[in-house]
Amino acid sequence: MTSNAQVSRLLALVPYLRQAGAADLAKTAEQFSVSQDQLIKDLNVLWFCGLPQGLPDDLIEVDQDALEQGEIRLSNADFLSRPMRFTPDEAMSLLVALEAVAELADPGSAAAVCSAVGKLSKAQGQSVQVIATAFAGSADIRESLLAAIARKSVVRLTYDAQATSTTSFPEVEPVKLITRDGFAYLQAWSLERAAWRTYRLDRIAAVADTGRDAEERGAPERFDSGWLESRPAAVEVEIEVSPQARWIAEYYPVRSVERSEQGWVVRLLVADPRWLNGLLLRLGDQVLRVSPQAALTAARQIALDTLAGYEVG
Amino acid sequence: MAARKSERIMNLAICLLMASRFLPKREIREAIEQYREIASDQSFDKMFERDKEELRQLGVPVLTGSNDVWHPEDIGYRISREDYELAPIDFDAAELAVLGIASQVWDTATQADQAKTALAKLRAAGAEPDPGRLAALTPSIGGKEEAFAPMWQAVLRRIPVEFGYHGKQRRLQPWVITHRLGAWYVYGFDLDAGEPRIYRLTRVESQVRFVGEPGSFPPQVVDSAELAARIEPAKPDAQAILAIRDHRAPVLRRRSEPVAAQAPAGFSAHRVEYASLGDFVGEVCAQGPDVIVLDPPELRQRVIDHLRRFAEAL
Chain F
206 MTSNAQVSRL
216 LALVPYLRQA
226 GAADLAKTAE
236 QFSVSQDQLI
246 KDLNVLWFCG
256 LPQGLPDDLI
266 EVDQDALEQG
276 EIRLSNADFL
286 SRPMRFTPDE
296 AMSLLVALEA
306 VAELADPGSA
316 AAVCSAVGKL
326 SKAQGQSVQV
336 IATAFAGSAD
346 IRESLLAAIA
356 RKSVVRLTYD
366 AQATSTTSFP
376 EVEPVKLITR
386 DGFAYLQAWS
396 LERAAWRTYR
406 LDRIAAVADT
416 GRDAEERGAP
426 ERFDSGWLES
436 RPAAVEVEIE
446 VSPQARWIAE
456 YYPVRSVERS
466 EQGWVVRLLV
476 ADPRWLNGLL
486 LRLGDQVLRV
496 SPQAALTAAR
506 QIALDTLAGY
516 EVG
Chain V
2 MAARKSERIM
12 NLAICLLMAS
22 RFLPKREIRE
32 AIEQYREIAS
42 DQSFDKMFER
52 DKEELRQLGV
62 PVLTGSNDVW
72 HPEDIGYRIS
82 REDYELAPID
92 FDAAELAVLG
102 IASQVWDTAT
112 QADQAKTALA
122 KLRAAGAEPD
132 PGRLAALTPS
142 IGGKEEAFAP
152 MWQAVLRRIP
162 VEFGYHGKQR
172 RLQPWVITHR
182 LGAWYVYGFD
192 LDAGEPRIYR
202 LTRVESQVRF
212 VGEPGSFPPQ
222 VVDSAELAAR
232 IEPAKPDAQA
242 ILAIRDHRAP
252 VLRRRSEPVA
262 AQAPAGFSAH
272 RVEYASLGDF
282 VGEVCAQGPD
292 VIVLDPPELR
302 QRVIDHLRRF
312 AEAL
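Here the protein sequences line up with chains F and V, keeping their order.
Residue 514 in this note's numbering sits at position 309 of the first sequence, and the numbers go up by one each step.
Residue 74 in this note's numbering sits at position 73 of the second sequence, and the numbers go up by one each step.
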């Protein structure tokens, strides 16, 4: 722990504790992203801080009895009544996070992001940049889903599945909206599958309320960057592509991407072979090699079937 | 040791914040116990200079100046409270909700801590961010790309950078770093092209090198509409008539409208708008035998060629 980071934290901690009156030790540690031990070390530094001259009455006081009960009470710190302005890094980190919220939120909340950013800039005394963001899927869909999550109700989705090339109407209990690897998803309990499922937001064409209440399902499974790894049916496929097709490595969650003599070797997990067919057909002759080879043979056969449709038409 | 140093710098900050005039170094030395304890003038000078510099690095506006117009060489120091303090902010419930989510967005530890500190400051200023009904939102952004950390610093500190991109070396004054659904972009003035350019961080091929001093170029106000337009996919500028197999290819069907044109049995004809600069051929081919291009003939031919090359090349 550098003293630099500690001073920065102390300058925010003092007005925070003054404002709180009595603050919970554990909660305060969490909000400043430090351990409780570190927070107590911070408080020990404050004992020796205060007005120049350093007379006992001039120094900050921390109530030791309260602290033993897990509560922080601070006095004699009127000279640090307000926090310091954001550093540029803090401001940029907060703003980018707010943009990500706006991307996924309902229109009302997106407007709240804009007005909050306006107020932050004003308090900061300088204008901060915020980028207008595009939204994930339609705003109506996101709003209906957030409302269903709040009501805890079962909804019927109209879902255009890419892999199967069909529309399905799953009944689900929505719990979360998530972004991962460049896409926004709904996480929900599927009644049909009796399991947690994720649905791409931009593939949900409609949300209808069934009027039924959702049941308690406990916490949804984690949907982090390795989520596909947990799919039992997922198999690893290795595709070598020409340099122009490098984009697939940033568009889809991949296990690895390496340069090869002719282009790139991308290894990815495939849960549904029909999805892989679509990808290979899309890439066309930018595909140089696929392992297992059978995946490529299947996709080529589909290309031939498709060409047959053109000869007839 | 670190605790002693934190203590000293905190006391220096409080002392300078309380000063109503520029305090000469000599007075600061007398006022703060840890400085009084130092016997040698030289050691004190060195320590004071370092401490003052550390405060500035933290963003504390330590001003240097003189109280005496006749003796401008008699300099002292103070912190302007007005420039130091975060002004009061009054957030409404909707704003507090979005701020409440914002602390959980970052996957990257460094930025997560920065965003959390910013929120702790807001709490210190009396605001109570609380996700409320937005708790169901879990946007997540990370900076997995190798180029992310150096580019973030370069934007923050206004340092020109050099990096490889599409097989070429680029030199850029990076103005803004931004993301769309988790994909990072850097936008700035390309020194070789002589105009603003945008680059996607995942496509940066080499290490990002700093090629200048911090503050090398002035802060730039970026037109957010123009930036968004550079990130957005190309707008539709062409139309195609497609035969879509019944009940299939819902994504294409959804953005189309039925038209009265001849289609094979089991298919119906649809008009779809597309961007000629985008990958519409690839999108159509991905549908396999569920979609056949009827018109325009050039698009039809390109799809046939694409499929032939794929089926025959291997």
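If you're looking for bench data, these hints aren't it; they were derived computationally from the structure.
Just to be clear, a hint being listed does not mean it is correct.
As the list claims (entries may be wrong) - Below, computed lysine-lysine pairings styled on PhoX-like, alpha-carbon distance capped at 25 Å: (1) Lys145/V <-> Lys246/F; (2) Lys53/V <-> Lys26/V; (3) Lys26/V <-> Lys47/V; (4) Lys47/V <-> Lys6/V; (5) Lys6/V <-> Lys53/V; (6) Lys6/V <-> Lys26/V; (7) Lys232/F <-> Lys246/F; (8) Lys246/F <-> Lys6/V; (9) Lys26/V <-> Lys381/F.
Status of the hints after comparison with the structure:
| no. | hint | result |
| --- | --- | --- |
| 1 | Lys145/V <-> Lys246/F | violated, 33 Å |
| 2 | Lys53/V <-> Lys26/V | holds, 11 Å |
| 3 | Lys26/V <-> Lys47/V | holds, 12 Å |
| 4 | Lys47/V <-> Lys6/V | holds, 14 Å |
| 5 | Lys6/V <-> Lys53/V | holds, 12 Å |
| 6 | Lys6/V <-> Lys26/V | holds, 18 Å |
| 7 | Lys232/F <-> Lys246/F | holds, 16 Å |
| 8 | Lys246/F <-> Lys6/V | holds, 13 Å |
| 9 | Lys26/V <-> Lys381/F | violated, 57 Å |
Against the hints set out earlier in the document, violations occur for numbers 1, 9.
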